[in-house]
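There are 2 protein chains.
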Amino acid sequence: MECRVKFLPLGVEVTVKDGTNLLFAAQEAGVFVNSVCGGEGVCGKCRVRILRGEVEHLPTAYKLRDSLASKGYVLACRSLVKGDISVEVPKEAALSGGKILMDGETSSRGQMIVARNMREMPFEPLVRKVRLRVEEASVASPVADYERLRTALRKALKRPEMPFQIGYKMLRQLGRKLREKDGDITVTIGKRQNTYEIMALESGNKKAEALGVAVDVGTTTVVVHLVDLGDGKTLGMEAKYNSQIAYGEDYITRIIYAEQNDAFGKMQSLIITDINELVDKLCRRLKRRHDEIVAVVVAGNTAMMHFLLGLDAHRLRREPFVPVANIIPPIRALEVGIKSHSRALLYPLPSVAVYIGADITGGIVAVCMDRTDKLSLFIDIGTNGEVVIGNKEFLACCSCSAGPAFEGSGVECGMRATKGAIESVKIERRGDSCDIHWSTIGNRPPLGICGSGLIDIIAKLFYLSILERTGRFNRTINCDRLFIEDNVAGFTIVRKGEEKAPHDITINEIDIANILRSKAAVYAAIKILLSQLNLPLEAIEQFYLAGGFGNYVNIASAITIGMLPDVPHDRIAFVGNTAIAGAKMALISESALERIEHIAHKMTYIDLMMNQQFMDEFVKANFIPHTNISEFPSVSI
Amino acid sequence: MECRVKFLPLGVEVTVKDGTNLLFAAQEAGVFVNSVCGGEGVCGKCRVRILRGEVEHLPTAYKLRDSLASKGYVLACRSLVKGDISVEVPKEAALSGGKILMDGETSSRGQMIVARNMREMPFEPLVRKVRLRVEEASVASPVADYERLRTALRKALKRPEMPFQIGYKMLRQLGRKLREKDGDITVTIGKRQNTYEIMALESGNKKAEALGVAVDVGTTTVVVHLVDLGDGKTLGMEAKYNSQIAYGEDYITRIIYAEQNDAFGKMQSLIITDINELVDKLCRRLKRRHDEIVAVVVAGNTAMMHFLLGLDAHRLRREPFVPVANIIPPIRALEVGIKSHSRALLYPLPSVAVYIGADITGGIVAVCMDRTDKLSLFIDIGTNGEVVIGNKEFLACCSCSAGPAFEGSGVECGMRATKGAIESVKIERRGDSCDIHWSTIGNRPPLGICGSGLIDIIAKLFYLSILERTGRFNRTINCDRLFIEDNVAGFTIVRKGEEKAPHDITINEIDIANILRSKAAVYAAIKILLSQLNLPLEAIEQFYLAGGFGNYVNIASAITIGMLPDVPHDRIAFVGNTAIAGAKMALISESALERIEHIAHKMTYIDLMMNQQFMDEFVKANFIPHTNISEFPSVSI
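Chains A and B, in that order, give the protein sequences. Per this note's numbering, the very first residue in the first sequence carries number 2; after that it's consecutive. Per this note's numbering, the very first residue in the second sequence carries number 2; after that it's consecutive.
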């Protein structure tokens, strides 16, 4: 039997077989429903409301509150379609335009550092157009066309030993192109490992039309910059959520999905379609053509890079966790389906290991850690937290599973940093009540709380002694916002109806425990890396906090909850999306790519997975701010 | 009106428009008719006999003898089809299996030198299969697949710094292939300029199946060797006439034809079809598959290389005579249409200039001139004569137009070195008559005289004082074989009917003048090159005579007529087809290719075209043996 499933408020309808999983039906309809756990019935994020018709319920580990269940809410991943139905996808479960970090905007000090580093890179794009005059051969010097062209290129670029390669098609055009305008020719050359490929020949001056694309393929978001390769300026940028999210919020879940459904090809095409969609948008807006795009540089974690390139990702989730390749030579962008010039080169930035991807190697160069004497520490927090310590002498890194709590998962009222998410909070105690001031992304009615909001709330509640060091609420105080349900205490941030809130927005002890586990993992990773390197915390002169998350978090709150170590605030710089910055740097400067490759080669990776010391540190960090409060002298208990 | 043209003895028929040129009709029918001058009515080689029907005669510079004209002979290139006709293509105008030099057969001392050089090359084929065991990654060392593969390859080849490249398709197979047989893998790697490409991955041992092809594309002949890249042995060889011959015997004529008929594509496909035909034959005979062929190395003169690769050949025949490229990077063999493995690489050997092609650079390495202290002189005589002098310290070269006389053109009874050609002659004078002993190629009834026969005849007639130093017959002697027609003296070698000769086979003063011009050009080129280098003839310790022509010529006769300088015979080695030898050396030894490239870079080219001294030497050499007889002390006058 066929059933029609209608998704509201979008109004999209899809016809599926009787018994089809509702989450799968949503995927089929192209309707995004959060599914952090990938359909395992654990995260509770895929709750939708059945407005009309019936579904069959499967057993589930995550139990919806009765108040929700009674209103028709179900977990989409644990519901089977049984007849025609209408389904409402609540705003907090859907994806909408959020605070995707498209660039280091120049607001913060850290982002200004990245912008300055970008400007100071030698300008030598990976693919560039060079206008030349190639003198005609003479009887006295009957030098072949290709040899004269090479000599002219070497002279123009002041690189007398520059090694070139040329393909069959270019060679066949060479004689004619060289003479169409009497030796006035624009040559597109592209770096290919240790040589330069002659990629295109145009008679006369075509310098204005070389475009490059920098891409950051994140697990959650895809960001694209369209760059003028003539001057290195970003002409425009666009971002969207990674369409793979429908198949799991973390890459492990997506690999499992792909394995079970033979869907690696689908995973690849989802990313490619996302990139093309963003590039299309930019081209339309800026009135440029796809075939002007001659270079594409992609940053992303190792799994995203495997998906993008259609590489075998099976082993990324299995011991001993090996990628197919960390350092991948450039390939033709068209070969993977990115709409561009027929010979455009796609440069995947290199990674270090499964857990230290090209987003990190690119980020290191974006903040210039590899060029300074100063010891710096770089943290990129997403679902995983990556930590790098070093300077121009050495670089060492590790990665921990921070878990998706900072992205709202495992937190009842948690949500992504999208419109309507509470991102910062002020709380004042007034007797038995609290005054709460909060702000949401996009100034929309509040729907839930995103990572920075959660950190703020926990820090402030702790500061007001409403929350104890263990992450449990102080049950001895009187506060009308405190409540206890099934022995779990909670605190109401927004009451239903207040500023059009559709329901109560709360935080409870289970939510807080999840957040503390996430921050503990990050903090323990920092501690272990320092300890392995025999470095005291004080030796670190500069902290870089990267990633979409890092840009909006309140620094004092992050130290208060013990996520960041207790160092002077001026040592901490929020550097924004350094993955896209690294991709763009490589795009406009071949020496940046060389540095990134060098980093991928030389960076020491320290595995925490089996490290007992890490487990100890992790347990000790599961407090506010920490078991050992002497590590946080600035946090008053 | 349509006319049917039937060509005998093949019996091939073609339908053409009324007024079609008969030579063109033959080309359309795929019937080869010699056309040295490319249809200009000058060489007289395209004579055919009209057996039935009529043709319209165009004015012609070359006048057929009345005795021939009365029998229905016409020049095909100056005849227009006017109705249905039958045409006989005489044997001497057709091509048939001749003495195509497929290899330095090990008969002569020179050929043994080449064979020894081949054996002494380090065995490291340009494309090779390497069998490896790539250990699985471990938790302790979770190295990516590609990095482990590279490390294993570098170790197996004892090249710790070996730079690699890998394409998108290979990368996508890597994870799976590596594990199909637990890390037991055979990798095909191919040299690509300064890196090695990973071209194919096969699980387990597939070492036996790597084949390479060495090709010599000559203006006249195409030679192919099929080589086992596992041990460097030639498994088989085949040769045929270059099908382009139908469009002119020299490349200039072919370029003109291609320009006038927009037929560069056709020129390319003719060569490719020839190569494929020979490779097909070898594959069938040896029961091998085309997809086992992973490397193709091609030697050939600069024009043939341009035709083969479809490069713009217009400027090869126009001042200042510039090739599109001398040093051409490898391309995919399939891209030009050579049937082979989908990623097989085609390596065009590099050339020095329009007149010094890859046949010469390859030849130099075949004789190892670039590695010895000994000063050597290398001559390759075909339509052009190329001369190289040097040793491991320096190499200098020049080229002269020897003309096609040695290939039988411009000589009334001249013909190619094919079956039925007189290739050597002994003459004894007995009073007023001569006893003549001659041998033909294939011991067939005599049809004409090929180059080595012409040299022999001139030397012997001169020795017997029948011929004077000027190239004119001594009209004071009585000899029943001497005749005079229209004031031009001639000499009958074979009388019609003798040993089934279809007609008289003669040589006259015009023929001899043509031969003398050819040998004078070669000798003058040697003289000028020595003089430019300030070297006396005695400084040359070794002479290498290469090319199809050189292999059968009588050395004493060649000195007698003044084609070769008068040096001790043991200094002269006939080295055979060194172009194919050079191609094979490169195929099985990357250091040979490096040496050839080095030669192409460093060899000094001396242009004789505008050289007045060359003209003077040329005029002085237009005698037997030379104006200055002191240069030929061993030749008794």
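Keep in mind that a hint or two might mislead.
Treat identical chains as interchangeable: a pair holds within one or across any two.
No farther apart than 30 Å at their CA atoms in a straight line, the calculated lysine-lysine pairs in the DSBU-like style are these [stated by the list, open to error]:
(1) Lys207 <-> Lys427
(2) Lys92 <-> Lys72
(3) Lys159 <-> Lys420
(4) Lys170 <-> Lys340
(5) Lys621 <-> Lys83
(6) Lys501 <-> Lys427
Since the hints were made in silico from the structure, they are not lab data.
Hint-by-hint comparison with the structure:
{"no.": "1", "hint": "Lys207 <-> Lys427", "verdict": "neither (56 Å within a copy, 70 Å between copies)"}
{"no.": "2", "hint": "Lys92 <-> Lys72", "verdict": "within (16 Å within a copy, 100 Å between copies)"}
{"no.": "3", "hint": "Lys159 <-> Lys420", "verdict": "neither (51 Å within a copy, 59 Å between copies)"}
{"no.": "4", "hint": "Lys170 <-> Lys340", "verdict": "both (20 Å within a copy, 19 Å between copies)"}
{"no.": "5", "hint": "Lys621 <-> Lys83", "verdict": "neither (49 Å within a copy, 105 Å between copies)"}
{"no.": "6", "hint": "Lys501 <-> Lys427", "verdict": "within (19 Å within a copy, 117 Å between copies)"}
Hints 1, 3, 5 from the list above are not met by this structure, while the remaining hints are.
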